[in-house]
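Listed in order, the protein sequences are those of chains A and B. Using my numbering, read the first sequence as starting at 1 and increasing by one per residue. Using my numbering, read the second sequence as starting at 1 and increasing by one per residue.
None of these hints come from the bench; they were simulated from the model. Be aware that a few hints might be false.
[Stated by the list, open to error] Ranges between beta-carbon positions, derived for each pair:
| no. | chain 1 | residue 1 | chain 2 | residue 2 | range |
| --- | --- | --- | --- | --- | --- |
| 1 | B | Arg99 | A | Leu256 | 43 to 51 angstroms |
| 2 | B | Val114 | A | Lys163 | 53 to 61 angstroms |
| 3 | A | Lys257 | B | Val47 | 42 to 50 angstroms |
| 4 | B | Ser32 | A | Leu169 | 32 to 40 angstroms |
| 5 | B | Val114 | A | His259 | 22 to 30 angstroms |
| 6 | A | Leu169 | B | Val114 | 31 to 39 angstroms |
[Unchecked claim] Below are the DMTMM-like pairs computed for lysine to aspartate or glutamate, each with C-alpha atoms no more than 25 angstroms apart in a straight line:
| no. | chain 1 | residue 1 | chain 2 | residue 2 |
| --- | --- | --- | --- | --- |
| 7 | A | Lys296 | B | Glu3 |
| 8 | B | Lys216 | A | Glu349 |
| 9 | B | Lys175 | B | Asp48 |
| 10 | B | Lys207 | A | Asp307 |
| 11 | B | Lys80 | A | Asp36 |
| 12 | B | Lys35 | A | Asp307 |
| 13 | B | Lys35 | A | Glu311 |
| 14 | B | Lys216 | A | Asp307 |
| 15 | B | Lys35 | A | Asp36 |
| 16 | A | Lys296 | B | Asp183 |
| 17 | B | Lys77 | A | Glu311 |
| 18 | B | Lys23 | A | Asp36 |
| 19 | B | Lys77 | A | Glu76 |
| 20 | B | Lys207 | A | Asp36 |
| 21 | B | Lys23 | A | Asp307 |
| 22 | B | Lys115 | A | Glu76 |
| 23 | A | Lys300 | B | Glu7 |
| 24 | A | Lys352 | B | Glu7 |
| 25 | A | Lys352 | B | Glu3 |
| 26 | A | Lys300 | B | Asp225 |
| 27 | A | Lys296 | B | Asp31 |
| 28 | A | Lys138 | B | Glu7 |
| 29 | B | Lys77 | A | Asp307 |
| 30 | A | Lys300 | B | Asp39 |
| 31 | B | Lys216 | A | Glu206 |
| 32 | B | Lys115 | A | Glu311 |
| 33 | A | Lys138 | B | Glu3 |
| 34 | B | Lys115 | A | Asp307 |
Glycine included, every Cβ here is placed at the ideal spot set by N, Cα and C.
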Amino acid sequence: MRNQEIISYKMDWVTVALYASIVFLGWLNIYAVTYDQSANLSIFSLQINSGRQLLFIAGGTIIIMGILIMDMRFYETFAYVIYGFIMFLLLLVPIIGKEVGGNKAWLGIGSFGVQPSEFAKFATALAVAKYMGSVGFKMDQMRNQVILFVMIGIPMVLILLQKDTGTALVFTVFTLVFFREGMSPLLIIMGVVAAIIFILTLLVNEYYLFTAIGVILVAAIMLGKKKWKRIAFLSAGALLICSVIVSVDYVVNNVLKPHQQNRVKALINPDADPLGFGWNVTQSKIAIGSGGFTGKGFLKGTQTKFDFVPEQSTDFIFCTIGEEHGWLGSLFTMALFIGLMLRIIFLAERQKNRFARVYGYSVACIFFFHFAINIGMTIGLFPVIGIPLPFFSYGGSGLWGFTILLFILLKLDIHRSQVLQRM
Amino acid sequence: MNEGRREIIQIVFVLVGVVFLIKLFFIQVVDSRYKQLADSNAIRAEVDYPVRGLIKDRNGKLIVYNTPEFDLNIIHKEVKSFDSARFCEVFSKTPEELRLLFKELKARREYSSVKPTIFLTKLSTLDFAKIQDNIDEFPGFYIQARSTRAYTAKAGANAIGYVSEISKGQLERDKTGIYKQGDYIGQSGIEAYYEEFLRGQRGVRFKLRNVDGVEKGSFKNGAIDTLSIPGQDITTTLDLDLQEYGEYLLNGKAGSIIAIEPSSGEILAMVSGPTYDPNLLTGKNYSSNYVLISNDTNKPLFNRPLMAQYRPGSIFKIAQAMVALQEKVITPETRFRCDRSIINCHGPHSNEDLRGAITHSCNPYFHAALRRMLNKGVSNNPFDDTRIGLEEWNKHIRSFGLGKPLGIDLPNEKGGLVPSPAYYDRAYGGRPWKFSNIYSIAIGEGENLVVPLQMANFAATIANKGYYIIPHLVKAVGETGKPLPKYMEKHYTTIDSSHFRVAADAMQQVVESGTGSYRGKLQDIVVCGKTGSVQNEPRPDHSVFIAFAPKENPKIAVSVYVEYGGQGARAAASIATLMIEKYLYGATKRPQIEEYVLRGKFLN
Chain A
1 MRNQEIISYK MDWVTVALYA SIVFLGWLNI YAVTYDQSAN LSIFSLQINS GRQLLFIAGG
61 TIIIMGILIM DMRFYETFAY VIYGFIMFLL LLVPIIGKEV GGNKAWLGIG SFGVQPSEFA
121 KFATALAVAK YMGSVGFKMD QMRNQVILFV MIGIPMVLIL LQKDTGTALV FTVFTLVFFR
181 EGMSPLLIIM GVVAAIIFIL TLLVNEYYLF TAIGVILVAA IMLGKKKWKR IAFLSAGALL
241 ICSVIVSVDY VVNNVLKPHQ QNRVKALINP DADPLGFGWN VTQSKIAIGS GGFTGKGFLK
301 GTQTKFDFVP EQSTDFIFCT IGEEHGWLGS LFTMALFIGL MLRIIFLAER QKNRFARVYG
361 YSVACIFFFH FAINIGMTIG LFPVIGIPLP FFSYGGSGLW GFTILLFILL KLDIHRSQVL
421 QRM
Chain B
1 MNEGRREIIQ IVFVLVGVVF LIKLFFIQVV DSRYKQLADS NAIRAEVDYP VRGLIKDRNG
61 KLIVYNTPEF DLNIIHKEVK SFDSARFCEV FSKTPEELRL LFKELKARRE YSSVKPTIFL
121 TKLSTLDFAK IQDNIDEFPG FYIQARSTRA YTAKAGANAI GYVSEISKGQ LERDKTGIYK
181 QGDYIGQSGI EAYYEEFLRG QRGVRFKLRN VDGVEKGSFK NGAIDTLSIP GQDITTTLDL
241 DLQEYGEYLL NGKAGSIIAI EPSSGEILAM VSGPTYDPNL LTGKNYSSNY VLISNDTNKP
301 LFNRPLMAQY RPGSIFKIAQ AMVALQEKVI TPETRFRCDR SIINCHGPHS NEDLRGAITH
361 SCNPYFHAAL RRMLNKGVSN NPFDDTRIGL EEWNKHIRSF GLGKPLGIDL PNEKGGLVPS
421 PAYYDRAYGG RPWKFSNIYS IAIGEGENLV VPLQMANFAA TIANKGYYII PHLVKAVGET
481 GKPLPKYMEK HYTTIDSSHF RVAADAMQQV VESGTGSYRG KLQDIVVCGK TGSVQNEPRP
541 DHSVFIAFAP KENPKIAVSV YVEYGGQGAR AAASIATLMI EKYLYGATKR PQIEEYVLRG
601 KFLN
């Protein structure tokens, strides 16, 4: 009884309200996608996705209860156990998993299936937070950093084995958490620069790039102090970049699978083959673009309704917002997401121990990655990487995974004053 | 040491959101392209085709109508529990044929398992009632009705024209924006000229389609849909019986027959030989038949009445006579000696007056008459004198509607040629010319060119004693009951009406006692006619005859050209007077003449 009072009194209701709004909007939009005037099925009908999503939402509520009832110390104490268990499940997937839509990412229990990869996110977040919150952890120690990267590397590799590149990439966002906790930004900067060079190489003839790098190199040498050491350093850097450029072609043609190559090409020039590999992005942009400023109105969209956009209930759910609710609807939806992410950072920062704070940042950064990649892909700013929009996209595993992620943080937040200060 | 990193992460979050919103603003608000693309994705305009107007003859007999054709369409995805034995029974197919049909279906370029595709055509030739009763046993199969042109008679193909799919070139030239690829359009004849009345107005239904092209209801519940408006019916001036008779007579010959009602300019019959069966250029086999017809060396698509330009021959002498009388260089009593030293002549005559000269088609007479007209002594210089005379002559001749297209309601009409001083200047390349250079125009040879229609109109003009109404094929468009306004105006020649009495008298003589007397004379009707034999060295002459009848209050004017038919008095005169009999009596009283024409051996 007393426990419940504490929960309701200390619960961060702002986050809960944001969460509930996003889940509710997602549910409405899943209905909008499947809505068929002639069939005239209710939003609650279990024959369509919206009815099933409601079941998932109900299941999510039960999970929330469970998380809140559980002792708050459970999560830190059993972080490694949970992590280990989920990693074990991930290992099982390629062996006993069932195939859905070409990807072997599901573990089936009867007719019911779950995707362990969706739960790997919170498990990894817990493990990383526990490790970083442990006594004696120092971010600037090479050994600690290596262990952290192994911790996020294991689920990445296991998920890559399921051929789910999108979900695997999510784990790279932990570098942002490490950065918050003191890791040098060099790694992130290098990653971003490499990505930019990668894209540039695809866009621009490589000889132009070599020329540009040469010009910059010469300019840098001429402008600065003419010390041998400095010149050698700059030259080595330039050479490194050039070798990256050369390797990009190799990567694109040999490492990436054909469908992945096409996704990258579609990003750069979706008009090259609008009916082939550019189809998804082209149709997605048409759907969103046709919404105009205020949108066509709820259930009035034609592009999403008539299946022009692929994967509309899941990865391309944002098209429905764009088409039916226009720019204003997009603004409102994005405001909710950014509001939620900023609120999570606020919660993370007010935690009294490092475990909770790191966990909080992990939650915020995972949401951010999903949000940025998912919406970026629907409007043609990122390649098509199939990851869901948190709480919005249809699917039980995804919804539950994100719900667990968020409500463990809220549980920690409720009890933040009870923990020993260990910053 | 981690100062400001929280802020950096917050800024990154917000920045990404702002970038997204800017990008969204561009594709949603600034760029209107996506809106159009979305519409073309999901909204398909379905055309509600109007029924094309009917074409009737002058007595209300149907000539062209629309007939429904039924195709069997298949939506392959919807085909369930297909009973092939039963299908073969209902559609009278063998299992082997059915297997082949499916094979062909899938091989087709436009094949899609979710869209209707043609499976069988021309169901109407099968037991259609049985098919209709049993079609519901075959889910996924639908009967689709189309409308094609059909003809009650194999007649008037070149006058009526045909309808076919609009060509790429036509589509590019089209300024109206009405036509789309796959639309049908009148390609020749009345079908082409009266296209805007016949075609009606298309309606359009806007339908929502999903990505597979499957229909998902109407756009805005049909609020902006329109219904089609049927095309207007057209009543032609043709007399179907006369037209068919003309084609019967001209069968196996090249040439043309035109019959006009002089008082109204209405064309009673317009026969082009050889012709083709209009049913060949309708429906499914259009393309293959069109190739056959257009490659035929006899050129059945060449509409001779309007497009074949011939020298007029002796029938032109009547025009010469009218002009000479009008210019007062001769009177009907003027006689010229039949001096055959410059132009040869035929028949035993020596010193005729005007009527006699026409009756016996005396070449030297008209040579002399034209010399008087062109060399009136206005100028002492014979070159200038001829120039002045020719200028006046040209003006008179053109007033008969010669030398330019008359303006019939058909496409591709040729104008012929009436030489003018400017024409001879060009022809002689600036060297001087005078009467002695150009005299062969006196007898309708030389540079003159006419089309058969102009000669029929010429006969009608004489019948009307000095005026004509532009010959036309349509007497009523739609409910107005009237032809186009330009077909109600009288066009007067520059010749006084009184002079035509002389022409009519002479033409009566031609038939009663002159060159046309043997095959042109009728028992109860006074026919006025003139023979012509157009020289075609080394091949035989074209046989030409113009006529009108009866002499008083004429009801029909005719021109007949039979290519390489020899003397005008033979083939052409026979056909012309048979046509007159047919129109006035309903049948000929001279079966031997009809048989002579049908045998077609005019040269021996």
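Legend entry - Hints the structure fails to honour: 2, 7, 8, 16, 18, 19, 22, 23, 31
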